[in-house]
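Starting from the given sequences, assemble the full structure and let the hints guide the process.
These protein sequence lines map, in sequence, to chains H and A. Following the working numbering, the numbering of the first sequence begins with 1271 at its first residue and continues without gaps. Following the working numbering, the numbering of the second sequence begins with 1271 at its first residue and continues without gaps.
Quick caveat, the hints were computed from the structure, so don't treat them as lab data. One or more hints might be untrue.
Since copy identity is lost for identical chains, a pair holds within one copy or between any two.
[As the list claims (entries may be wrong)] Straight-line alpha carbon distances no greater than 16 Å define the calculated EDC-like cross-link-like pairs of lysine to aspartate or glutamate that follow:
id, residue 1, residue 2
1, Lys1383, Glu1331
2, Lys1383, Glu1290
3, Lys1383, Asp1312
4, Lys1448, Asp1371
5, Lys1281, Asp1334
6, Lys1383, Asp1313
7, Lys1383, Asp1334
On a predicted model such as this, the values are computed, not experimentally measured, just so you know.
2 protein chains.
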Amino acid sequence: MTKGALPSNAKMVFKGEIFEVWQWPQTMYDGTTVTFERLRRDDSAQVIAVVDGKILLQTQEQPDRTSPFLSLPGGRIEEGEDPLVGAKRELLEESGYASDDWELFSAHSPYSKIEYVSYTYIARQCSYVQAPMLDAGEKIETQAIDFDSFLSLSDNPAFRGGELRGVLLRARYEPAEKEKLHRTIFGS
Amino acid sequence: MTKGALPSNAKMVFKGEIFEVWQWPQTMYDGTTVTFERLRRDDSAQVIAVVDGKILLQTQEQPDRTSPFLSLPGGRIEEGEDPLVGAKRELLEESGYASDDWELFSAHSPYSKIEYVSYTYIARQCSYVQAPMLDAGEKIETQAIDFDSFLSLSDNPAFRGGELRGVLLRARYEPAEKEKLHRTIFGS
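The structure is reproduced here in structure tokens:
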């Protein structure tokens, strides 16, 4: 992630519960210096989890939000944790499913002012291995939806999927993209 | 923006150059309390500025970025400033253009953890009234592109357009959406 990397002279000026604030003196085009600022936060992963030809979708409530939202299973990668390990952990904790067939689908840094990578993984042939282990701040229901319903999430304002929304939208309109996405997700 | 509003008991724990960090004690589903955190920053506006049937696009460099990016004219709304007033000011400062025919196109809060609204305005029949007034941290070149090139920005990774990317993508694939967008932007 060189593109978004903080300059070597950046200093952390505040560390919150989620976000760190970093600042550095930036030389401007006219030679003057201005304090520039960027944030850092833990990366996250979302998982396209395949179960019997369907994809797991979650309806989630959070204690500080009035309306539920839709998302793929996933969550925060802990500091120092390998993203794939974090994705497997989050899938298991939130849904109870596990897989031996994982593939990285994409990695994006969506915010120019935040050091943060959003990983999307595919987990094929998932099987249910244990009850979900939700923490006190999570209310999550998991369902399995078919591929066309998955693509329709690109139209659903309640779906939090980041850059995936554009991928789904494109697949709905471009038959070749749709076929390619299907093959990538389901392996056939 | 009720959806993203901070709880009334939230307190600002840090104020940086761009971001404020707010925290509050959040009661969880099991009755325990956890410190929750959200950010605030000034809103921003981008402008679909129409000049002789074309749309202004900027190539921009910033002193802390290695590669230029593409964007519509726009920038940060100052605290207490009306968004439309800020949009007019930014268009004039960055491009030298002004208009008497403005319309709000959309307002989005793209980040669930950041109190921030991104406004998109349409400014029709723009005319060049003065040289741009760039600050020491801006290198901006402005060009005018046609409607189809505008839609193609949805494919350009260098384009920072936020939610507008999805709007452009949809218009490329849906003839009815394309016609509607054209009518909205050009007024005919």
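Status of the hints after comparison with the structure:
no.	hint	in the structure
1	Lys1383 <-> Glu1331	between (27 Å within a copy, 15 Å between copies)
2	Lys1383 <-> Glu1290	both (12 Å within a copy, 13 Å between copies)
3	Lys1383 <-> Asp1312	both (14 Å within a copy, 13 Å between copies)
4	Lys1448 <-> Asp1371	neither (21 Å within a copy, 41 Å between copies)
5	Lys1281 <-> Asp1334	between (31 Å within a copy, 15 Å between copies)
6	Lys1383 <-> Asp1313	both (14 Å within a copy, 14 Å between copies)
7	Lys1383 <-> Asp1334	between (25 Å within a copy, 11 Å between copies)
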